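Colleague: Chain by chain, the residues:
Number of protein chains: 2
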Amino acid sequence: MSDSLPTNDAAARSRALDLLRTNQRFLLCGHVRPDGDCLGAQAALARVLEALGKSVWIVNADPPEPRYDILARDVRFGVYQGGELPRHDVAVLLDFCELSRTGEMAPALAAHASKKLVVDHHVPPGAPWWDEAYVDVRASATGLLVRRIARELGLPLDPVAALGVFTSIVTDTGWFKYSNTDAETLAVAAEMTGLGVDPSALYAALHQRQPLGHPPAFGRALARLEYHAGGRLAVVDLPLAGLDLGALDTDEVLDVLRSVEKVEVVLLLRELATGGVKLSARSKTDFDVHALARRFGGGGHRKAAGATLAGATLAQARERLVEAALEALSAPAKNGG
Amino acid sequence: MSDSLPTNDAAARSRALDLLRTNQRFLLCGHVRPDGDCLGAQAALARVLEALGKSVWIVNADPPEPRYDILARDVRFGVYQGGELPRHDVAVLLDFCELSRTGEMAPALAAHASKKLVVDHHVPPGAPWWDEAYVDVRASATGLLVRRIARELGLPLDPVAALGVFTSIVTDTGWFKYSNTDAETLAVAAEMTGLGVDPSALYAALHQRQPLGHPPAFGRALARLEYHAGGRLAVVDLPLAGLDLGALDTDEVLDVLRSVEKVEVVLLLRELATGGVKLSARSKTDFDVHALARRFGGGGHRKAAGATLAGATLAQARERLVEAALEALSAPAKNGG
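For the record, the sequence lines run as chains G and F. Under our numbering, the first residue of the first sequence is numbered 14, with each subsequent residue one higher. Under our numbering, the first residue of the second sequence is numbered 14, with each subsequent residue one higher.
Hints in this document: simulated from the structure, not taken from any laboratory. Among these hints, one or two may not hold up.
The list makes no distinction among identical chains, and a pair is therefore deemed to hold if it is satisfied within one copy or across any two copies.
As the list claims (entries may be wrong) - When the alpha-carbon atoms are kept at most 30 Å apart in a straight line, the in silico DSSO-like pairs for lysine-lysine are as follows:
| id | residue 1 | residue 2 |
| --- | --- | --- |
| 1 | K128 | K67 |
| 2 | K297 | K67 |
| 3 | K291 | K316 |
| 4 | K67 | K190 |
| 5 | K275 | K297 |
| 6 | K128 | K190 |
Remember, it's a predicted structure, so these values are computed and weren't measured experimentally.
Produce the complete structure using the sequences and hints provided.
Modeller: Structural data, given as structure tokens:
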């Protein structure tokens with residue numbers, strides 16, 4: 014296990030590279046609802062392997078969101094339709110390492126007699142089950158690992174692979190804002206730009222595709238803001254009816270609330286058409302929103318978590334969540350880092 | 014003139030570097046209301062010149078905004094108090110080239126028998142009046158030019174200079190989002206990160222220090238949005254009274270409006286306490302907002318420009334600007350890239 018967790022040593026990396034070099038047919042698998050890191054890393058690795066003359070299939074449980082059209086234009090992201098997988102020698106899991114996260118593909122993938130290679134930057138939650146791994150938990154994005162793999166294989170990246178790597182990086186660093194943005198991240202982004210990536214065009218493709226109704230809806234959502242604990246806690250609750258919030262991108266609401274200096278925790282509550290309330294929680298400090306979300310049956314990370322409060326009205330959900338958050342805020346030792 | 018506009022040739026750059034090498038006392042001047050590019054470039058050049066054993070004063074007409082505390086902690090940004098300037102051999106104008114933009118310092122600066130050196134990445138609006146210039150209009154930020162100067166002088170950057178350069182770059186590229194974000198920009202950002210800059214800490218220092226009143230004011234500002242030309246033009250006009258907009262960061266309003274897919278041009282008009290209206294114009298396409306701003310006596314870049322419409326009421330300013338913008342939008346050949 015020592016060579017798999019949390020960062021591979023040179024020998025393990027070398028075995029992973031051998032798996033790529035010596036085999037011919039590759040299946041690149043992503044996690045359910047693949048994000049830009051997953052899709053970008055798949056795109057880049059596919060181009061690298063194809064440049065080596067390999068056969069490559071990308072197959073995910075879900076199709077890419079429309080914002081990733083800029084990648085899907087040049088790369089075929091297959092969607093698993095059930096049944097057997099294409100015959101392949103090596104299945105590469107990119108940006109995750111739990112078989113279950115391939116969704117409906119999991120049984121077919123497990124049944125297939127291929128070698129399993131994990132390329133990831135997350136801390137593996139369980140014991141290694143794969144054949145080989147190329148893991149570095151300090152890497153800001155899986156795409157960065159694909160960049161390293163290409164270099165170690167001595168292969169140049171073409172513009173599509175470069176776009177994949179850049180997409181990976183900006184997805185997982187919040188466009189170079191999060192604390193994982195290191196010198197390698199920016200240097201690789203520079204290199205990819207030199208290879209043809211247009212950062213502003215990519216930004217527009219990923220983030221400037223809001224509908225006309227988004228800013229007015231954003232304004233109405235911000236009008237629902239309430240502060241608690243002197244501003245340390247910001248809460249926005251969005252009712253289903255009356256505010257015409259269909260065009261709203263709630264990620265941007267969360268961003269604006271996080272931009273307030275005093276705010277430590279943001280809770281965004283959205284009444285669901287199916288009943289109940291969806292919580293999105295964000296932390297700017299060591300406050301652990303994952304712990305908060307878990308109390309309501311949710312999950313996530315320390316700084317970003319969510320939950321669905323089934324059967325609660327918006328007012329009930331708000332009351333319970335504010336109470337729980339205030340309690341946690343007043344107990345810094347439990348929630349501190 | 015040919016060596017000054019728009020980008021210096023090697024001989025002109027060499028003369029500019031000689032001015033820095035052979036003189037002893039430097040006054041680094043910024044423009045009124047200095048932004049992060051100006052302040053960051055001043056900070057970086059000050060450290061470089063000090064490393065050469067020079068005496069350096071930074072003097073601006075206005076103090077840095079509090080968001081630049083992270084720079085001002087280690088660099089003294091002097092504020093012009095009237096009267097004579099410190100005795101100096103060379104005055105360096107960073108991030109601008111019009112003497113008038115030094116505000117109240119202008120007469121004293123003109124009267125002082127120093128050599129005048131312009132370090133800038135803007136298109137000079139008039140004939141050269143300075144002694145030497147180090148100008149590259151393709152450079153994403155003035156801080157990038159200071160980086161080049163340091164390299165050409167053979168000087169390493171210390172962590173404070175690196176923070177200055179990084180601050181310059183992120184200020185003028187909208188945190189690596191604008192179309193001026195090129196490979197050099199990202200490579201220098203990577204280099205500065207290697208020299209000690211913490212991108213996420215800088216982001217928090219610059220952009221996550223909004224007052225509690227910012228999100229509600231943001232919401233009220235967004236309620237003023239009007240679209241024209243089917244959404245290609247977005248206009249927000251902010252009256253002085255009635256909306257309690259003191260806490261508003263208008264840059265974020267501009268960002269949200271640019272995130273709308275159909276929007277090509279954003280005009281933000283703000284009624285001034287001193288009378289008149291301030292325009293901030295942004296373009297997402299080849300539409301040249303600099304050309305638009307110039308028609309109203311303003312300046313800037315193709316994608317970001319501004320002007321002050323003295324004597325106009327908010328309604329008058331809006332009417333004139335919308336008319337001019339619609340006219341330009343319907344004449345793509347003139348405004349196209």
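Colleague: Run every hint past the structure and note whether it holds.
Modeller: To see whether the hints hold, each was checked on the structure:
For the identical chains of this complex, K128 and K67 are intra-copy neighbours only, at 15 Å inside a copy versus 64 Å across copies, given an alpha-carbon limit of 30 Å. For the homomeric pair K297 and K67, neither the shortest alpha-carbon distance inside one copy (43 Å) nor that between copies (40 Å) is at most 30 Å. Only within a single protomer do K291 and K316 lie at most 30 Å apart by alpha-carbon distance; the minimum there is 17 Å, versus 38 Å between protomers. Neither within a single protomer nor between protomers do K67 and K190 lie at most 30 Å apart by alpha-carbon distance, with minima of 36 Å and 35 Å respectively.
When the C-alpha separation of K275 and K297 is checked against a cutoff of 30 Å, the pair qualifies only within one copy, where the shortest distance is 10 Å, while the shortest distance between copies is 32 Å. For the homomeric pair K128 and K190, neither the shortest alpha-carbon distance inside one copy (36 Å) nor that between copies (40 Å) is at most 30 Å.
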